[in-house]
Amino acid sequence: MTIINQLTKRSLLKNKRRTIVTLIAVILTSTLLFATGFAYSTYKTSEINNYQKMGKDYDATINNMPFSKRSYFDNYENIKKYEYISKVYDTKEYYTLNGEDYPYSIYTISDGIKFEMDQGRLPENDDEVVISNFFDKNIGDVLKLNIIDKDGNVFYKEYKIVGIKQNTSYIESHYIYTKGVHIDEVDNTIFYIYLKNKKKAYDKLYTLAKTLGLEEDYSSGGLNYQNMDFNTSYLKLYGVYQDPLDSAVIYLSLILILTVISVFSSIIIYNSFSISLLDRIKQIGILRSVGMTKVQVRKLVFKEAFYVAVIAIPVGFVISLLFVTVIINYINFLQNGLRVFTFKIDLSYLLISFLFLILTIMYSAFFTSMRAKEITPMEAITQNKDIKVKKKKREKRKIFGIYVFLAKANMSRNKHKYRVAIMGSVVCMALFMMVATFVNFFKIGIDADDNHIYARLSTSDFTKEEVKKDVQSLLDLDITYDYIITEKLFKQVDGNFDANYTDDYLKQFLPSSHPSFDIITLDDYIYEKIKKAYQINDDEPLYINNIVMNNKNINVVKKDSEINFQFCDTCKIYKLHLLNEKPKELKKYDFGNTIIVNKEIFKQILDDTYSVDVYFLSKNYIKLDEMIKRFFLESKINYYYSNNGKEYMASLNDMKCLQVVLYTIIMLFAIITITSIINTISTSMYLRKREMAILKSVGLDNKGFNKILFLESFIIFLKTFIYGTIISMIIVYIISKIFSIGTVKYTLLKIFPTSYYIVTVISIFVIITLTVFTQLRKLQKDNIIENIKKENI
Amino acid sequence: MEILKVCDLVKNYGQGDTLVKALDHVSFTVEKGEFVAIVGASGSGKSTLLHIIGGVDRPNSGKVFVDGEDILKLNENNLAIFRRRQVGLIYQFYNLIPILNVKENITLPILLDNKRIDETYLDELIHILGLNNRIYHLPNELSGGEQQRVSIGRALMNRSAILLADEPTGNLDSKNSQEIVDLLKMSNKKYKQTILMITHDHNLALSADRIITIKDGKIISDEKNI
Chain S
1003 MTIINQLTKR SLLKNKRRTI VTLIAVILTS TLLFATGFAY STYKTSEINN YQKMGKDYDA
1063 TINNMPFSKR SYFDNYENIK KYEYISKVYD TKEYYTLNGE DYPYSIYTIS DGIKFEMDQG
1123 RLPENDDEVV ISNFFDKNIG DVLKLNIIDK DGNVFYKEYK IVGIKQNTSY IESHYIYTKG
1183 VHIDEVDNTI FYIYLKNKKK AYDKLYTLAK TLGLEEDYSS GGLNYQNMDF NTSYLKLYGV
1243 YQDPLDSAVI YLSLILILTV ISVFSSIIIY NSFSISLLDR IKQIGILRSV GMTKVQVRKL
1303 VFKEAFYVAV IAIPVGFVIS LLFVTVIINY INFLQNGLRV FTFKIDLSYL LISFLFLILT
1363 IMYSAFFTSM RAKEITPMEA ITQNKDIKVK KKKREKRKIF GIYVFLAKAN MSRNKHKYRV
1423 AIMGSVVCMA LFMMVATFVN FFKIGIDADD NHIYARLSTS DFTKEEVKKD VQSLLDLDIT
1483 YDYIITEKLF KQVDGNFDAN YTDDYLKQFL PSSHPSFDII TLDDYIYEKI KKAYQINDDE
1543 PLYINNIVMN NKNINVVKKD SEINFQFCDT CKIYKLHLLN EKPKELKKYD FGNTIIVNKE
1603 IFKQILDDTY SVDVYFLSKN YIKLDEMIKR FFLESKINYY YSNNGKEYMA SLNDMKCLQV
1663 VLYTIIMLFA IITITSIINT ISTSMYLRKR EMAILKSVGL DNKGFNKILF LESFIIFLKT
1723 FIYGTIISMI IVYIISKIFS IGTVKYTLLK IFPTSYYIVT VISIFVIITL TVFTQLRKLQ
1783 KDNIIENIKK ENI
Chain E
12 MEILKVCDLV KNYGQGDTLV KALDHVSFTV EKGEFVAIVG ASGSGKSTLL HIIGGVDRPN
72 SGKVFVDGED ILKLNENNLA IFRRRQVGLI YQFYNLIPIL NVKENITLPI LLDNKRIDET
132 YLDELIHILG LNNRIYHLPN ELSGGEQQRV SIGRALMNRS AILLADEPTG NLDSKNSQEI
192 VDLLKMSNKK YKQTILMITH DHNLALSADR IITIKDGKII SDEKNI
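From first to last, the protein sequence lines are chains S and E. Going by the numbering used here, the first sequence opens with residue 1003, and the numbers climb by one from there. Going by the numbering used here, the second sequence opens with residue 12, and the numbers climb by one from there.
Some clues are possibly wrong.
Stated by the list, open to error - Computed footprint of chain S on chain E; a stretch qualifies when at least three of its residues, placed anywhere within it, have a C-beta under 8 Å from a C-beta of chain S: (1) 63 to 75; (2) 82 to 93; (3) 110 to 116.
Read the hints as simulated data drawn from the structure, not as lab findings. Just so you know, these numbers come straight off a predicted model, no measurement behind them. Just so you know, even glycine gets a beta-carbon here, dropped at the ideal spot from N, CA and C.
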């Protein structure tokens, strides 16, 4: 074994405490990097699996297409396969939903079509069907139907129910799916497109849309084609984005996270190696004086990194396996079956994590070795590299007293050791704040969502009074915590809107000069409250100049706009009162482009777009959904019903899972932070044993000793606090900028994790002070002469 | 034969008001096999001179030739190899590697060179140094005198051209001091080892063949010790 190996091994074994701390830093970094790789591969694979399981792994759908157009797909080289669902028959029998009669719609499906099944299987021929779970039927039952074909001919057919699928919407509840019906000329076909390769998927789909002659559609912002829906969330899993800006947001944030984790991890590891180096400066100086070359010194550092890596990486790997397994199980528990995550080790991600880890350790060692090779024999002989005589010290001593002078002198004398300690603490603080900012950022997302959760019933056939009476019977106050009933019209109005649109609004829409609005009237008591709050005396229309777009509230028209408009050519011209903030009474309900009018105006402009809408708010969206379903069976009113509860629950679960992951990462970083701070400070203190002993030997009492150390720890804390705050602010600012790409803007103050910041600052102060004083207690117990002698060995 | 030649060495510390002239145009030569003592008061510049000759410090100006080679022209790597092969350094505070045992500390220059250890010579050295029962002990298990003997062993192990001793007895009692000086004298006689020893103890200096006296960075006398 070479002398380099021997020196490294013995040094690691001799300084067990320091070695363990270095190992912890590398183990935790390995855990973090491997876990990131595992989490990414698990997420991606699980999501793709979920999509495949649900039969939603297509790249796009094309709706309302003549079946004959399938030849285009056969001829397009980028399409791997396509599947279809085609409406083939209606029936003479009707299905009654909320008092409304619908004919059953019979669809035929192609081979690869999949449904989310409650029970049973898919049909295998045109005698078998799958129905929705809204029907009161069971598997094995037979549907006896009189079928109407496209020419209007009626024939009798019996279908055996072989499967029951989950109902995706009430509109589809009366659909029946069979298979193998011979079709040539059917207009109403939905095609599911599967591309050969996801690369440049949108370009390929745009080309297909053009070939099919689909019209371009910009109504929702970007380029879309009528009747073509992209499976954007599925394509995202393959890193394919429609809007390059989306891709920039994701990649920039990912690159930022990876870079920051790598840089900060390497600084922490560098910090550990540096501490190790500080401990060995004298030793390396002696080795240099007896002929060790710079290359050999660098080898010493790399050898240490190698031994640490050999032990820490496998341990980190195993911990990350356990760690990710536990997290995934917990996330699956939180998801409650909505999604299932299956732990997946992807070799490519594993390799990326491993290479990333090796690089992190390597450049940590590299920078340490650069410092190590500069150690001169003179440092070992004289140990006075940091001493610099400055004239002003005497004046400072007069002003601040001997203890401040000694504390400052000590710090100046051990500048490098303290620099390492402060740098380690600052890095840890900044890192912690970065992760906390992400947690805060996603928390804001959850809070923002909370305002827009509601269920809506809508009917156009009944009066408000009838609906109100009906709804009274529906209400279960344990489930519903708020509701409002509005009467609504949908109208195009004529006014000077287009000249007053805000930039934010224009970015999203291509507005018409004759925009359409929801015209609503509210219960008198709400209407009067709003008027009072806005100090409006007359009864002219109010415009809610505040809509939610991409999780952000924006004004449609400029706040100080003067808008005059009329509901029809012969109607009175009104001046519009702008409500630039959403009224408190309506805040939790998601209104679109809405004008509020009083009852008289509403009566004057009444037309056949009339509807009564009931908005419910509830904390328990699933129970609300169940309540409304029960109500449907009893009510005679035909309501259109929408409830975003399921989506909300799914997104809420996702947020919770994300929080679990982020909090776990925070916990890991907290451990790294604490060990790193304790390690750097205690080593700095340990290395000053002799100095402390000398001070004691010249009569410094314990009280004075405490004062010096308290001042020193306070200076370390103060520097950490100042530098850490500045760097944290910069990081939070960068994150806010990155997430503000597009129309969503986040201010520094909004996403700055204030509570975490306070906790971090207090924790760092406590950790530094406790570490200094714990170490101090040890030093106080030590024998003065032994410590003075020790340095000479 | 001239083994060491020091020409016009100047070494300053600090600048302006705080300027200290550690070496002020120092020149002298040493013949092979000579035992030279450099004496002077504390702060006279003798340690600085030794460090420059040993290749661990650099002067502001001047030249140092060891065995005909200008060591100040060597790059960092070659200077390290020079220290490994051409000089043996003995410090007042021993400067042993605490995690290596006696044998490893003695053979350190050879181990750094990745060369085979001359076991016969090593055994002989250990015997001469009186460390036979201590070869697997760590430095902190040895007395001051023993540690200094290990340090001498390390300096002699590579059969260096010149042995530089900086106050080798400064940290020892009189009995141990005498033993160390005897060892140095023995190595000078037995191995024809050139020795440059710094001391402020005139009695110890009298053991040398020649005594150079330094004051304020200048050689004020250079006499043969007859």
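Q: Tell me, in ascending order, the numbers of any earlier hints that this structure violates.
A: Violated: none.
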